[in-house]
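Using the hints, build the complex out of the two chains.
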Amino acid sequence: MNFPDNLRYTKDHEWVSLNGNVATVGITDFAQSELGDIVFVEVETVGKALGHGEIFGTVEAVKTVSDLFLPVAGTITELNPALAGSPELVNTDPYGEGWMIKMTVSNPAEVEALMDAAGYKAIVG
Amino acid sequence: MKNTPFTQKHIALGAKMAPFAGYNMPISYTGINDEHATVRNNAGVFDVSHMGEFILKGENALDLIQRVTSNDASKLEAGKAQYSCLPNDNGGIVDDLLVYCIEPNKVYMLVVNASNIEKDWNWISAHNTKNVEMHNISDKTCLLAIQGPNATKILQPLTEVDILNLKYYTFVKGTFAGVENVLISATGYTGAGGVEIYFEDKDGAAEKIWDAIFAAGGPKGMKAIGLGARDTLRLEMGFCLYGNDIDDATSPLEAGLGWITKFTKDFTSKSTFEKQKAEGIKRKLVGFEMIDKGIPRSHYEIKDAEGNVLGFVTSGTQSPSLGKALGLGYVATSHANLDTEIFIAVRDKLLKAKVAKIPFV
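First to last, the sequence lines map onto chains A and B. 1 is the number of the first residue of the first sequence in this note's numbering; add one for each residue after it. 1 is the number of the first residue of the second sequence in this note's numbering; add one for each residue after it.
Chain B extracted, bound-state conformation (with noise of 0.2 Å):
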């Protein structure tokens, strides 16, 4: 199993550690509810670094990011960024990602799951005819996440960049905590703002980023944040989890990313994705709240009042924002308005639940 550069921290804090995606990563720290409060209200820290860098450059990179992907990465100037997913022949997903301008047409950075960085650099590799130059950078780039709405105030006194006034889904290179070259962006999985940090780690530029930040944010009530608050803050507000609620076998028009889809270019199962468009999709991807008591977890069945199979959960949590239970899950398209009706199969019964808006908070 893999250590991340902060490994030894988290055991410090006392964090309660698991296997994931091949690295040993902390689950939570003080509680999930603790943590997930933590970051809805003031700030937090994740350690992201098992996630996966590609660095693509060349005066093809843009082509083959174009064809590899469904967003329309021409779109992107220097210092912006994009979510995206990589289809597969089938039309389902390889990965989501996010695409990084650091040089329009020359430079750009992928970011995928940890779990997929193998799967997308043969998938990227293997679509690479023009001789794209290409770097895995995953090993040794470490990826910080600082979350929260006190989040960039307490981190702006570290940088002389200015990351207070940073625009969602962009970023700039700058010193940070004495570092220099850290990628800052404005992105996260929380939907709480604050910024995304990549940097190598060299000359010990890990231990003194981590101190810095809790130097700063520690006597502001900043906590580092485990893996399942993470998933409990993006489940809140409706995103999409890879090997949950999307995968080799959804389309990104199921799962409600067509606006990631873009067909003034050409890309892989581009033509399934136009067939399903004009036809219309059989099964959504929808948020759903339960009414009767009970909390909906991934792969319990969907069904209707006469108890036919609609489809199935994806994710399901007790939401620590709101005190409900709510979850994802796919169901037939005449199922998927809002406010429908509609029964989960916890164990031996069927409990009540309806279709919700995302994000749910």
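Chain A on its own, in the form it takes in the complex (with noise of 0.2 Å):
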């Protein structure tokens, strides 16, 4: 399983990615995997400021749905317009073409004091 070292995790198994303070966040290659064929993404809270651990949003795959845990306190800006046609980009491309949203983040040091690579692999084992 792969898990980038460029990238930081939650313990909900989600990945964000920091640009100044613009964040893009998805889910991880085991939480998709955990989750199997994902069918649907649905996020209503595109400009919305939210806190940290709020739910942005669920993730449907054929056997369950998952809710979705907002990383970092923020403002989600996008929802990633090519999850509409294709939520199956979260299972073959989770760091990718997978991404879920983008997002200004209200405090970027919240970002660096989630996990890294190696502390979320230890979790998942």
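Hints listed in this document are in silico derivations from the structure and should not be mistaken for laboratory results. Honestly, I wouldn't trust all of these hints.
[Unchecked claim] Computed list of lysine to any residue pairs in SDA-like fashion (alpha-carbon distance at most 20 Å, straight line):
(1) Lys293/B x Ser66/A
(2) Lys48/A x Asp348/B
(3) Lys173/B x Ala212/B
(4) Lys284/B x Phe239/B
(5) Lys16/B x Met1/A
(6) Lys153/B x Trp210/B
(7) Lys16/B x Asn2/A
(8) Lys349/B x Val46/A
(9) Lys16/B x Val65/A
(10) Lys349/B x Asp67/A
(11) Lys349/B x Phe40/A
(12) Lys130/B x Pro149/B
(13) Lys352/B x Val43/A
[To be verified] Here are some chain A residues pointing at chain B (derived, C-beta under 7 Å):
(14) Gly36
(15) Asp37
(16) Val39
(17) Lys63
(18) Asp67
Just so you know, these numbers come straight off a predicted model, no measurement behind them. Backbone N, C-alpha and C fix where the C-beta goes; we use that ideal spot for every residue, glycine too.
This is the structure:
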């Protein structure tokens, strides 16, 4: 399983990539593998300011539905438009084409405080 | 947790395993959508050895089966099977099952859900007032379902009995992959065609059969299929799953199982069902498909346009074959007609759906 070194991770199995104060967020390779075939990503919180750990959307797989938790406080600016027609991108390319949201981060230091790849790898075994 | 004789095969294939009815079972191997398509278009192998099998023997075996099941087992000839259910005393369902007629009036096999083996055994035993010989052979019986349009073509070279022309809901016994006394049944839970094979795991029979099936089928694209795809395949057919769509509190008439409820004989709760039939049922299990985007899940409420509760979802998924979301659920009879607009409460929203015909595919 792949956990790129340049990303930060949460215990809710999300990854964050920070560029200035703009973060890109998705779910990890482990998460997509546990969920199985993803059929629908629903995010209706674009434009809303949300706190760290708040639910910002849901991901529906064939068998299960799972909430998505905002890794750090901020405002979601964009949902990946490609997911509307091709939600399976989350399975095939979780760190690339399958990204979920972009957000402006209230405090970039919060991202730095998240787990690094080694730390995340340790919790998913 | 129990294993089946195939557990190590599943793990070696990289299956995602999970506990189901006390067994360590494969949920998926390559992914539900891929496995689902493999069965619909080609052929796949399910290990369903967790299911329960009871043998009922003796001159009163048929009498016992007739009293505890809703369908009419007296119609069965040797080599025929029938779908049926065990009603409880309150007009609900103890379990749904298959009744195999091995020898009319003498020997029958009942195949029951894994999660209900003990409950069913106790229920039938409690009704066994005429000394029918009963054997629970669940632990030593293997069951593989080989399903899909190409399943029998792939398997035929492994046996001398004609399985290509085996009629739906009939079965034969024969030698399969060198193993004697294998019961080959033209049944399944997928609507894709194929057979189910029952055999005892002795002298390495399980491994011998599994390996022979994959030696024959592997080069033709046959794959192992998990319980995840088993659920999406049965749901596309509108087949009931015990514990979801039917349970101790649902009537077979409400569940659309009137066709296995035969009033020509006496059985548990018959008078309750007769009354329901005469007065009309108040709710009905229907198929529905989503119009708004969203996936229905078991226990979500079903409402009308004004937000009044009509019932609840019992099964739901994104259909891998159709690429749309669909489900089964109970609704008030007033809203059970085809194309009726209903609403599914998905989290904090009411999403539009419509009653649809089953099977969906």
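Against the structure, the hints:
With a C-alpha separation of about 16 Å, the suggested pair Lys293/B and Ser66/A falls inside the 20 Å cut-off, and the hint holds. Pair hint Lys48/A plus Asp348/B holds up; C-alpha atoms about 17 Å apart against a cutoff of 20 Å. Between Lys173/B and Ala212/B the alpha-carbon distance is near 18 Å, which keeps this suggested pair within the 20 Å criterion. A distance of roughly 14 Å separates the Cα atoms of Lys284/B and Phe239/B; the hinted pair therefore holds under the 20 Å criterion.
At most 20 Å may separate the alpha-carbon atoms for a hinted pair to count; Lys16/B and Met1/A meet this at roughly 14 Å. The hinted pair formed by Lys153/B and Trp210/B meets the criterion: a straight-line CA distance of about 16 Å does not exceed 20 Å. Simply put, Lys16/B and Asn2/A have alpha-carbon atoms about 18 Å apart, close enough for the 20 Å limit, and the pair holds. Taking the CA atoms of Lys349/B and Val46/A, the gap is about 17 Å. The hint holds against a cut of 20 Å.
Distance restraint check for Lys16/B and Val65/A: the Cα-Cα separation of roughly 18 Å lies within the 20 Å cut-off, and the hinted pair is therefore satisfied. Straight-line distance between C-alpha atoms of Lys349/B and Asp67/A comes to about 15 Å, which keeps the hinted pair within the 20 Å bound. A hinted pair counts as satisfied when its Cα atoms are at most 20 Å apart, and Lys349/B with Phe40/A qualifies at roughly 16 Å. Taken as a hint, the Lys130/B and Pro149/B pair is broken in the structure, with Cα atoms around 43 Å apart against an allowance of 20 Å.
Restraint check for Lys352/B and Val43/A: the C-alpha separation of about 19 Å stays at or below 20 Å, so the hint holds. A least Cβ separation of about 6 Å between Gly36/A and chain B falls short of the 7 Å threshold, and the interface hint therefore holds. Because the closest C-beta pair between Asp37/A and chain B is about 4 Å apart, less than 7 Å, the hint holds. At about 4 Å, the closest approach between the beta carbon of Val39/A and any beta carbon in chain B falls short of 7 Å, and the interface hint on this residue holds.
About 6 Å separates the beta-carbon of Lys63/A from the nearest beta-carbon of chain B, less than 7 Å, and the hint is met. The beta carbon of Asp67/A is not positioned within 7 Å of any beta carbon in chain B (closest approach about 9 Å), and the interface hint is therefore violated.
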